[in-house]
Amino acid sequence: MKRLFLLILLAAALPVRADVRVFACEPEWAALAKELGGDKVSAWSATHALQDPHRIEARPSLIARARNAQLVVCTGAELEAGWLPPVLRESGNAAVQPGRPGYFEAAQFVTRLEIPTRIDRSEGDVHASGNPHIQLDPRNLLAVAAPLAKRLGELDAANAGHYAARQQAFAERMRAAIARWEKEAIPLRGLRVVAQHKSFSYLFHWLGLVEAGTLEPKPGIEPGSAHLAQLLGQAKARPEGGASPGRGSTLGVQQARLIVRTPFDSPRPGEWLAERSGMPLVTLPFTVGGSERAQDLFGLFDDTLAKLRGES
Amino acid sequence: MQRIALLALAASLALPAAAGEEFAPEASLILQGQYRRTKDVPERAISGYWSAGHDHGASRRLTFDDSELVAGARLGGSARAQLNLAWHDNKVEVEEAWLQALGLGNGFTLKGGRFLSGIGYLNEQHSHAWDFADAPLMSKALFGEHFAQDGLQLKWVAPTELFVELGAEVGRGNAFPGAGSKGAAAFFAHAGDDVGLSHAWRAGLSWLDSRAKGREGHFEDTDPLGPNEVAGRFSGRSRTVAADFVWKWAPDGNPRYRNFKIQAEVFRRTESGDLACVSDVATSPCLGGLALGSLRSVQTGGYAQAVWQFMPQWRAGYRYDRLNAGAKSYDAATAFAALDPANAYFSRHRPTRHSLMLDWSQDEFSLLRLQLARDKSMPGVTDNQLTLQYIVSFGAHGAHKF
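Protein chains in written order, with the numbering used here: chain A, 630 to 941; chain B, 59 to 460.
Isolated chain A, as found in the complex (with noise of 0.2 Å):
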């Protein structure tokens, strides 16, 4: 028993040696890391792909993890505001604090979607910098990739030609992927989704899907039965074989083809709506881990594809 106290404090007390300890606020931005650093890099996420990260404590492993880390990655954009600020200012550590070269935002580097013009609580918990969740465009992990590389450059200098070639040839198979996820989208253009929560934004931009409407009222409202029932109700009024409303329409979910949550809302209303109006649930992986074809930043989008043709 002494023996193995003693072996777990030696562990804990003797990092992995690695070029750059990068503690990232969500998978994806580990799995970037990842991706440019390679063997120089050891990239922890705070979060896994079940857990909502507007809605995490500012527990004490974070805390310990942030103190001995040499890169915070985190998404910004308020999205994180309920819970990374503590952990910052509580771990000690004078590198990763916000201004720093060890702090990372990731959502500076990309052009935001629905920003408000007005900050308004009864318009639900709306960020002042627009929609956070940007990593289901992949033309944004792109945008993201160059500054990420050059930054673990400026933090290991020994290195910046590793991060720089990786990068350059992470760019090249993204873009290559991303001709390809294009292409296999054709079909999806138009498609008219309801999503749980504004999560999926990015991603209906980029291939051109129509968010019919969300089960949330307000976001990170709960959905309640009644705009549920006012959901339902308009699914129902879907005319017979008529013409596809436009983008903007005020016609609410009629003719949404499609259902879809992340793997941490709660299933049960979009269960709920399924059932009575005959639409799909579909759980997209939202992040990497997400599913488990979603093991990588690639993964993340071929299964993400897969799942809105139904093919999955």
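No lab work stands behind these hints: they were computed from the structure. We treat Cβ as the ideally placed atom computed from N, Cα and C, and that holds for glycine. Hints should not be assumed to be uniformly reliable.
As the list claims (entries may be wrong) - Derived Cβ-Cβ restraints for the label pairs, each shown as a range:
| id | chain 1 | residue 1 | chain 2 | residue 2 | range |
| --- | --- | --- | --- | --- | --- |
| 1 | B | Leu-426 | A | Pro-896 | 25 to 31 Å |
| 2 | B | Arg-118 | A | Gly-907 | 53 to 59 Å |
| 3 | A | Glu-801 | B | Pro-370 | 42 to 48 Å |
| 4 | A | Arg-747 | B | Tyr-93 | 31 to 37 Å |
| 5 | A | Glu-783 | B | His-412 | 54 to 60 Å |
| 6 | A | Arg-897 | B | Glu-422 | 19 to 25 Å |
| 7 | A | Gly-853 | B | Leu-224 | 45 to 51 Å |
| 8 | A | Arg-818 | B | Gln-420 | 34 to 40 Å |
| 9 | B | Val-152 | A | Lys-669 | 47 to 53 Å |
| 10 | B | Leu-426 | A | Trp-673 | 35 to 41 Å |
| 11 | A | Arg-897 | B | Tyr-376 | 26 to 32 Å |
| 12 | A | Gly-907 | B | Glu-422 | 33 to 39 Å |
| 13 | B | Ala-187 | A | Pro-896 | 29 to 35 Å |
| 14 | A | Arg-747 | B | Ala-362 | 41 to 47 Å |
As the list claims (entries may be wrong) - Stretches of chain B that chain A covers, calculated by requiring three or more beta carbons in the stretch to come under 8 Å of a beta carbon on chain A:
| id | segment |
| --- | --- |
| 15 | 252-258 |
| 16 | 303-311 |
Got chain A sorted already, so can you dock chain B onto it with the hints?
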């Protein structure tokens, strides 16, 4: 206040230059309101404990106490400043006003100014973050509610995967249980970790050493013409050790729909020094001040609570409070010549309380709470209390510690 400003300045000097770095202010307003229905008790006290405050509370009342204005700012990546103003008894109080240096590195942070001490678990939480409408009896008996330091706090997080944090504080020592600017020192150690995906815990040990000079408490004297309210005075040393433990469960680490939390704290307080009383009533034995010999006490107690979010937005909780009268040694003949032995402080009663709460949150920014409590803080009184509370916050997205 001037001293706080000086300390804050001292802390800021310890920071690396923040020139050219962004200044990101944030502000929030937290409104609290409570309707409370309690038994009509003329003088509320926690029996056996030195009164940290004075409560003539009405039996039915509506208060807006603990409404708070919080302003915080990050000064580049190297420091943070925070100010909490709270509304208490129709006065605005500075609950916290501090600067924290975040640029020291190697796990160190330094805080200076007025801040809620890191001892225990609940002490650092403002009332709007509590799971119940009021503080545990332990917090009220030990600190009046919160223990705030006017001073410096140095913390260190160990470079291990297991969370280990050590902290030391020095303060002016004016806050109860100290008095008269005789200084207060505190030390604490916290450890914590996850167990699997769904569980997380934190445990802590704390130690507080306060000195008091002329610490006042409310007593009644033995004036043959009728009891007068006099000031009891304690001068000496007050040492508190406390242990705290929190365990949280959330399925797959996702607390949004369901979660469960168990929290407990226990303490042992030892006080040794001299007792006196003072009054300006001509017939009071305490007139002009009277020494009543030495006083030594050892007291223990604590609380345990569990809060369960059983469905989105709804939580239910139970809390058990218990304080032990403990042991006091003093020269009864001397003390009772001036002070009425029926004073709550000399009571051998063991205060207990059971509390049940149910709360509903529309979102992260608003909460409604119903609390029922059976409070036996005083001998012979069973006070069934009902509290209705609301908390609404505006402004910056609040981030709470574990």
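Structure-based check of all given hints:
1. Between B/Leu-426 and A/Pro-896 the C-beta distance comes to about 28 Å, which sits within the given range of 25 to 31 Å.
2. Restraint check, B/Arg-118 to A/Gly-907: a C-beta distance of roughly 56 Å satisfies the suggested window 53 to 59 Å.
3. Evaluation of the 42 to 48 Å hint for A/Glu-801 and B/Pro-370 yields a pass: the beta carbon distance comes to about 45 Å.
4. Taken as a hint, the range 31 to 37 Å holds for the pair A/Arg-747 and B/Tyr-93, whose Cβ atoms sit roughly 34 Å apart.
5. Our hint of 54 to 60 Å for A/Glu-783 and B/His-412 holds, since their Cβ atoms are close to 58 Å apart.
6. Between A/Arg-897 and B/Glu-422 the beta carbons are some 21 Å apart, a value that agrees with the proposed interval 19 to 25 Å.
7. Against the hinted window of 45 to 51 Å, the Cβ-Cβ separation of A/Gly-853 and B/Leu-224 comes to about 47 Å, which satisfies the hint.
8. Distance hint for A/Arg-818 and B/Gln-420: a CB-CB separation of about 38 Å, consistent with the stated range 34 to 40 Å.
9. Checked against the hint of 47 to 53 Å, the C-beta distance between B/Val-152 and A/Lys-669 comes to roughly 49 Å, which is consistent with it.
10. Here the CB-CB span from B/Leu-426 to A/Trp-673 is close to 39 Å, well matched to the stated 35 to 41 Å.
11. Between A/Arg-897 and B/Tyr-376 the beta carbon distance is about 27 Å. The supplied range of 26 to 32 Å therefore holds.
12. Distance hint check for A/Gly-907 and B/Glu-422: the Cβ-Cβ separation is about 35 Å, which falls inside the suggested range of 33 to 39 Å.
13. Checked against the hint of 29 to 35 Å, the C-beta distance between B/Ala-187 and A/Pro-896 comes to roughly 31 Å, which is consistent with it.
14. Distance hint check: the CB atoms of A/Arg-747 and B/Ala-362 are about 46 Å apart, consistent with the given range 41 to 47 Å.
15. Check on the segment 252-258 of chain B: 3 of its residues sit with their Cβ under 8 Å from a Cβ of chain A, so the three-residue criterion for coverage holds.
16. For the segment 303-311 of chain B, the proposed coverage by chain A is satisfied: 4 residues have a C-beta within less than 8 Å of a C-beta in that chain, meeting the threshold of three.
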